[in-house]
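S.K.: Respectively, the protein sequence lines represent chains A and B. For the first sequence, the working numbering gives the first residue as 67, with consecutive numbering after it. For the second sequence, the working numbering gives the first residue as 38, with consecutive numbering after it.
A portion of the hints provided could be inaccurate.
[Unchecked claim] SDA-like cross-link-like pairs, simulated, lysine to any residue; straight-line CA separation at most 25 Å:
(1) K342(B) - G179(B)
(2) K280(B) - L147(B)
(3) K271(A) - I414(B)
(4) K380(A) - R308(B)
(5) K380(A) - F363(B)
(6) K164(B) - D236(B)
(7) K380(A) - G179(B)
(8) K61(B) - L390(A)
(9) K279(A) - G179(B)
(10) K342(B) - W387(A)
(11) K61(B) - K279(A)
(12) K280(B) - E153(B)
[Claimed, not checked] Reference listing, derived: stretches of chain A covered by chain B, where coverage requires no fewer than 3 residues with Cβ under 8 Å from a Cβ of chain B:
(13) 108-119
(14) 145-154
[To be verified] Some but not every residue of chain B turned toward chain A, in silico, with C-beta under 7 Å:
(15) A97
(16) G98
(17) M102
(18) K106
(19) A127
(20) L182
(21) S326
(22) L395
Rather than coming from a laboratory, the hints here were simulated on the basis of the structure. The C-beta atom is built at its ideal place from N, Cα and C for all residues, glycine as well.
Here are the chains, one letter per residue:
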Amino acid sequence: MSESDAILLETAGRLFNDARAAETFETAWGEIDAAGFASLLVPEEADGFGGSWRDAFSVFRLAGYARAPVPIGETILAARLSHDAGFDAVAGACSLAACAEGRIENGCFTGVFSAVPWGRNAGFVLAALDDQLIRLNAGAAAVNENQSLAGEPRDGLAFEGAPVETARLNGADVFGLAALLRTAQIAGAMDAALAMSIDYVNERKQFGRPISKFQAIQQSLAQFAEEAAAVNCAGDAAFAALARGEASFETAAAKLRANMAAGVGAAIAHQAHGAIGFTQEHELHHYTTRLTAWRSEFGNDRYWARRLGRSVAKDGADAFWPGLTRRSDAA
Amino acid sequence: MSEAMQTFNLRSFEPPEGVAALRKDVRAFIAQEAARADASTRVNSWAVADAAFSRALGKAGFIGMTWPKKYGGHERHPLERYVVLEELLAAGAPVGMHWIADRQSGPLLLRYGEEEQRQRFLPQIAKGELYVCIGMSEPGAGSDLAAVRTKGVRTNEGWRISGQKIWTTNAHNSHLMIALVRTEEGSERNAGLTQFLIDLSSPGIDVRPIIDLTGGHDFNEVFLDDVLVPDDMRVGEEGAGWKQVTAELSLERSGPERYLSSFGLFVELVRAAGPDPDDSLAALIGRLSAEIWALRQMSMSTAAKLADGDDPALEAAIVKDLGNSFEQEAPRLVQAMTEAGDDLLADSDLARMLAILLQVSPSFSLRGGTREILRGIIARGLGLR
Ligand SMILES: Cc1cc2nc3c(=O)[nH]c(=O)nc-3n(C[C@H](O)[C@H](O)[C@H](O)COP(=O)(O)OP(=O)(O)OC[C@H]3O[C@@H](n4cnc5c(N)ncnc54)[C@H](O)[C@@H]3O)c2cc1C
C-alpha cells in the first residue's frame, strides 16, 4: 500500500466513524462532502482525486465497516459515471437507482425510480434506461419515502416531465457497479460484526469462564471468519477486475458470494451474542440488518446465480477454465 | 472499533511474464499424455498414481520446478509452479504418484536436509522417478500428532526404528517414507521427535494395504520392526522433528488441490446442462462458478504470500477448510438437483463422477488436518484460544 493510499484509508475510516456517531445524514454529510471523497474515482485531469478501483473497494468497505449513514459509495460511483458520460460535475450527495421506468420526450423524463438510496437527500440521481444513462435532479421529483430493513432511506422518486441529461451507456453497468458497492459494504460489515462477536465472547462469562473458551463458540466464529475472508477476497478481486475492463463475470460472482456470506455471518453473530444481540439497544442489529438488506439489494442470490449460470452454460463446459485463467492472466 | 479489523488481505498474484504461454505448454502436454483419462480418474486425479505420467511430467520440467538446477530443479518462480499445478488439477491429470514428493518432501530436504541427501534424492524426485509418502499418523496419533510413539534408538550402526504408521497414502508405490519418530526415550508431546527418510525396501518393513470404502487401495499401514536406518537418513537435527513437521503441514495445506481436486464434476455438470439450462440448473451452475472463482482468488492470494516468503498459515487453514466444504457440498447439490442425481448408475460421465465423489468426499475434511483442527487454528488466529 502506498503512502497516499494509507492516508486515504486512515481519513476514510475516521470520517466514517464520525459519520456513524453523528447518526443522521444531515449531521454526517457535511464533513464527508468537505473532504472531497465524491471525486475519488474521477481522474486527476478532471480535478478529481484519481483513485483506483481498488481504492474504491477499500473506501466502500470501510463505509460498510462503520455503517456510515450516508450514500458515499453511491455518490462516488455517480461522479465517475457522470464523468465518463460527459455530464458536468455536480456538488452534493448523489445516488443510483436499481430500477428506472418511464419515457423521455423532448428532453424531459416522466416515470419512476424505485428504492433510491437516500433519494430524499440526493442532489442528482442516475439510472440506466434502455441503452442510455440518464441523470435527473432529484429535487424535481415527488418523493415517496421508504426505508430498508436496516432503516436506510430507500425512496421512490416520481418525475413528471423533468429535464433529463442522457448519454449512451457505452457498456457502463449501473446496476452491476451498485452491486459491487454492496459487496464491498458487506465485506466491511462482515468484518465489523466478526470483530464485535470476538470482543463479546471474550468478555461474556458463563459457567465461570469466558464463552470464547467453549470449543463450539470457537468453531462457529472460525467459520464466520472464513466467510468474512471469502467476501473480502471476492470483493477486492472484482474491483481489481473492474480496473482491467469488462467485469461482468466477476461482478456476478462477487455479489453472489457476498450474499451467501452475509447470511452465514449474520446468523453466527446473533448466535454468539445471545439475547442481548436481539435488542434495539445493542449495536449488533445495525450490522446484521444491513447484511440482510444488502443481500437483497442490487441482486439477490437467485438473480446473480441464474444470470451467471446462464452465461457460463452458454459459453460451454470447456470454455470455463480457459476463460477464468485468461481473465486473471491479463492482470 | 477504530482500527478496522481484516482477517484476510488479498495479495496480488503477479507471476513473471509468459504465464499464458506456460499454460499452453501444460495443456498441450496433458492433451498428449493424459487425454484418455476416464471420468473417475479425472474427478479424483490427485489420488490417482500413474508412474508413466509422472515420469513424462518430470521430463517436461514440471516437477521440482522451483528447485535449484544443481539438484535437478528448474529455478522457476513459485507462481509459475502454482500455474502448472492448477492446470494439472483442472484437467484432472493423474498426479498422485509424485505429488507428495514435489509438494513437501523435496522442499523439506531443501530446507532442513543435508547437502548429501539433496544431491542424492532431489534429482530423482524431479525426474518423476522417486516417490515419497508421509509417515505422520499412527493408530494412537491422528489429530493429536504429538502423540506419536514409533520409537527410534541410536545404535553404533545408526538407528533402530520400531512402531507403526497408518493411513500412509501411496506407501505401496513409494521408495521412501518420511517418518516422524520419537527418538528421546521418555519424551512427551512435541519434544524429542525426529524425522527420518526411511527406505521402504529395508528389512523389517511391512506395508499392508488398507482398502477404502470404495474398494480402492490408496492408503496403507506401515509396520516397522527394528528397522535399521543409517544416521545419514536423519532429516534435520535430532529433536527438531516437530518444528519441521509443522512447516511441512503448511505446505501440505496451502495448495490449490484443496479446492480444485474434483473440478471435473463442475465441467461435466455444465456439459450435461447444455447451452440453455432451466432456472434451477442455471442457478446451480452460477453458484458453483462463484464459489470456484472466489476460492481461486483466495488460493492465489495465499500462493502469492508464500512466494513472498511469508507464512500464511491462517490463510492456508481458511482456504483449505472452505475448499473442502465446497468440494463436499458440490456433489451433494449436483445429486439433489440434476438428472444424474436421479440415477447414480446411469451410463454418463456426470453420474460416474458423482458416484465416486459422493463416496470419497467425506475424506476431504479429514486428510491433511480435519475441519475441527483447522477451525481450531483459525480460532487461535482470532484470539479465542
Ligand atoms: C484419504 C486419507 C489419506 C491420508 N493420508 C495420510 C498420509 O499419507 N500420511 C499420514 O500420516 N496420514 C494420512 N491420513 C491421516 C490423516 O492425517 C488423519 O486422518 C487426520 O489427521 C485425523 O486423524 P484420525 O483419522 O485419527 O481422526 P481423529 O483425530 O481420531 O478424529 C476423529 C474426529 O474427532 C475430531 N477431533 C479430534 N481431536 C479433536 C479436538 N481436539 N477438537 C475437536 N475435534 C477433534 C476430528 O476433527 C474428527 O472429526 C490420511 C487420511 C485420509 C482420510
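S.K.: Provide an ascending list of the numbers of those earlier hints which the structure does not satisfy.
M.R.: 1, 7, 11, 13, 14, 15, 16, 17, 18, 20, 22
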